Amino acid sequence: MPVGPGSLSPEEEQRWVEDFRLRAAVRWGDERAADIAATLGKTAHAVGVMMHMEFSHDEMPGFYLPPSETEDGWRVQ
Amino acid sequence: MTSFTDLTVSETARAVRDCEVSPVELTQVLLDHISGLDSRLYAWETIDPEGALAEARRCEAAVTRGGVLGPLHGVPVGLKDIYYTAGLRTTMGSRVYRDFVPQQDAASVARLRGAGAIVLGKTVTTEFAMGDPPRTRNPWNDAHTPGGSSSGSAVAVASRMCAFATGSQTAGSVIRPAAYNGVVGFKPTYGRVSRHGVFPVSWTLDTLGWMTRTVEDSAVVLDVLAGHDSRDSGCANLPYTSMAGDMETEGWSPRIGIVAGDFERSASAETQAHTFTVIEALRINGAVVELLDLPISYLGIREAQLVIDYTETAAVHRDTHATRADEYGPNVRSRIESGELIPAVAYAQAQRHRRKFRSDMDQTMLAVDALIMPAATGPAPADLSSTGDPGFYSPWTVAGLPAITIPTGLSKSGLPLGVQLVGKGFDDATLLRTARWVESVLDFDPGVPPGARLPTPAT
Numbered sequence: 001m002p003v004g005p006g007s008l009s010p011e012e013e014q015r016w017v018e019d020f021r022l023r024a025a026v027r028w029g030d031e032r033a034a035d036i037a038a039t040l041g042k043t044a045h046a047v048g049v050m051m052h053m054e055f056s057h058d059e060m061p062g063f064y065l066p067p068s069e070t071e072d073g074w075r076v077q
Numbered sequence: 001m002t003s004f005t006d007l008t009v010s011e012t013a014r015a016v017r018d019c020e021v022s023p024v025e026l027t028q029v030l031l032d033h034i035s036g037l038d039s040r041l042y043a044w045e046t047i048d049p050e051g052a053l054a055e056a057r058r059c060e061a062a063v064t065r066g067g068v069l070g071p072l073h074g075v076p077v078g079l080k081d082i083y084y085t086a087g088l089r090t091t092m093g094s095r096v097y098r099d100f101v102p103q104q105d106a107a108s109v110a111r112l113r114g115a116g117a118i119v120l121g122k123t124v125t126t127e128f129a130m131g132d133p134p135r136t137r138n139p140w141n142d143a144h145t146p147g148g149s150s151s152g153s154a155v156a157v158a159s160r161m162c163a164f165a166t167g168s169q170t171a172g173s174v175i176r177p178a179a180y181n182g183v184v185g186f187k188p189t190y191g192r193v194s195r196h197g198v199f200p201v202s203w204t205l206d207t208l209g210w211m212t213r214t215v216e217d218s219a220v221v222l223d224v225l226a227g228h229d230s231r232d233s234g235c236a237n238l239p240y241t242s243m244a245g246d247m248e249t250e251g252w253s254p255r256i257g258i259v260a261g262d263f264e265r266s267a268s269a270e271t272q273a274h275t276f277t278v279i280e281a282l283r284i285n286g287a288v289v290e291l292l293d294l295p296i297s298y299l300g301i302r303e304a305q306l307v308i309d310y311t312e313t314a315a316v317h318r319d320t321h322a323t324r325a326d327e328y329g330p331n332v333r334s335r336i337e338s339g340e341l342i343p344a345v346a347y348a349q350a351q352r353h354r355r356k357f358r359s360d361m362d363q364t365m366l367a368v369d370a371l372i373m374p375a376a377t378g379p380a381p382a383d384l385s386s387t388g389d390p391g392f393y394s395p396w397t398v399a400g401l402p403a404i405t406i407p408t409g410l411s412k413s414g415l416p417l418g419v420q421l422v423g424k425g426f427d428d429a430t431l432l433r434t435a436r437w438v439e440s441v442l443d444f445d446p447g448v449p450p451g452a453r454l455p456t457p458a459t
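The listed protein sequences correspond, in order, to chains A and B.
Numbered per our numbering, the first sequence spans residues 1 to 77.
Numbered per our numbering, the second sequence spans residues 1 to 459.
Keep in mind the hints are simulated off the structure, nothing from the lab.
As the structure is a prediction and not an experimental result, all values here were calculated from the model.
Be aware that one or more of the hints could be misleading.
[Said to hold, decoys possible] Straight-line distance between alpha carbons at most 25 Å, and here's what the computed DMTMM-like set of lysine to aspartate or glutamate pairs gives: (1) B:K424 with B:D293; (2) A:K42 with B:D383; (3) A:K42 with B:D389; (4) A:K42 with B:E340; (5) B:K424 with A:E59; (6) A:K42 with B:D326; (7) A:K42 with A:E13; (8) B:K412 with B:E270; (9) A:K42 with B:E327; (10) A:K42 with B:D262; (11) A:K42 with B:E264; (12) B:K412 with B:D443.
Please work from the sequences and hints to get the whole structure.
In structure tokens form, the structure reads like this:
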């Protein structure tokens, strides 16, 4: 289980690293997966942290909307 | 007597306007200076002497004719080599685009030219403005990284090859190289400046910025570049008030929030002590200084940046990577290949997290004009295999907040140290005013780096 926002337990970390190694092996092959292991590890960690974030349903991913389309420049009211 | 190479943006514009400096003569001096240094520093990808001198002659003729001159009239500039320049090679620091010649200028380049700036050439970027180290060398000590990805721009300004140069930031690519080279680096609020015609790293993160040697110069450049552009879907249609003449800080002092936590713990002992000394000087001179707690949503914000950055990078390069993967450097290629594996849910979560952090930061910053922290964990690392740690910058980039670094001292090893100030969204003016105040209180000039010293003609 995650140990808190922004972090993962060693077990979760390992699970996500293995998940990404497998994804890479399927998509790019074993040799390439080994070549990019360091970047895969960083990515796996970041993805694991995001997947364990908790939000309420009204917390939308709206930040990337062009600011000109929102009332105060950033937030959908 | 000020050497041509030491002139700031504002000084150059004034001197040209007053016919004290010939744009042609100034451009030639800078081209000669570049020619004398760049075989050691590698700040430039492409130098355009013919184009620059032709533009300088047009500037000089306009001065002679009289009439209205732009705020950058006769000021030479270096452009990061991801900004499209009509008729001038734009490589993105890559093998893939090594022969690419755009047919039009980026919106920002058109604005700079419209304001009278003279394009000297294109400065070195790391490959596709990412993390593979550049060939550029740090003029303070060539065994230390110059930082990146706007490596050439930072080195060019520090080495007096030009008074300002453009950059871009997706994590820390303006502030970090500026700090490592002892110059002012400014990244405005996301949405303030059009990115049309600048090659993307990550659309929802990329922000254009620039390097100068004074805060006033950064404000002058913002005045030229700020404004809505419907061709950039991330460019805000919000009013912008010119800051020309609004940089006066006499009788005013800012409220500054100290960000400790990660930033203190990650900094070297020397950097911590230096930052404390700086903050104490600001307090003694009238700043209201208080310790600020970052919101809980700060946790995981660096991971959100990475997920967004890598996902969008994979999308940007999807077609090219499919057919030309072997032409990418190892860092860029591994980012693309890792980014393509990121689940869509993780990307959506990262965008939700980022929005929450931005909203929380808006509340956190209500009581202050700016946040302050070290500009980097320490001086430029003695490691040419990396461009340094982006951790001090990515939270502010992901939140879209404006940030600026100012040189504030030299380390025991003779490398620049600085502070980073972070402002409120779309309140770039208060951030720059605060930075101007800090600059005037500290009154520190890092001087000319040892690797950039050559005899130059004087005015």
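Verification of the hints:
{"no.": "1", "hint": "B:K424 with B:D293", "verdict": "holds (16 Å)"}
{"no.": "2", "hint": "A:K42 with B:D383", "verdict": "holds (20 Å)"}
{"no.": "3", "hint": "A:K42 with B:D389", "verdict": "holds (14 Å)"}
{"no.": "4", "hint": "A:K42 with B:E340", "verdict": "holds (14 Å)"}
{"no.": "5", "hint": "B:K424 with A:E59", "verdict": "holds (21 Å)"}
{"no.": "6", "hint": "A:K42 with B:D326", "verdict": "holds (22 Å)"}
{"no.": "7", "hint": "A:K42 with A:E13", "verdict": "holds (10 Å)"}
{"no.": "8", "hint": "B:K412 with B:E270", "verdict": "holds (8 Å)"}
{"no.": "9", "hint": "A:K42 with B:E327", "verdict": "holds (23 Å)"}
{"no.": "10", "hint": "A:K42 with B:D262", "verdict": "holds (19 Å)"}
{"no.": "11", "hint": "A:K42 with B:E264", "verdict": "holds (23 Å)"}
{"no.": "12", "hint": "B:K412 with B:D443", "verdict": "holds (19 Å)"}
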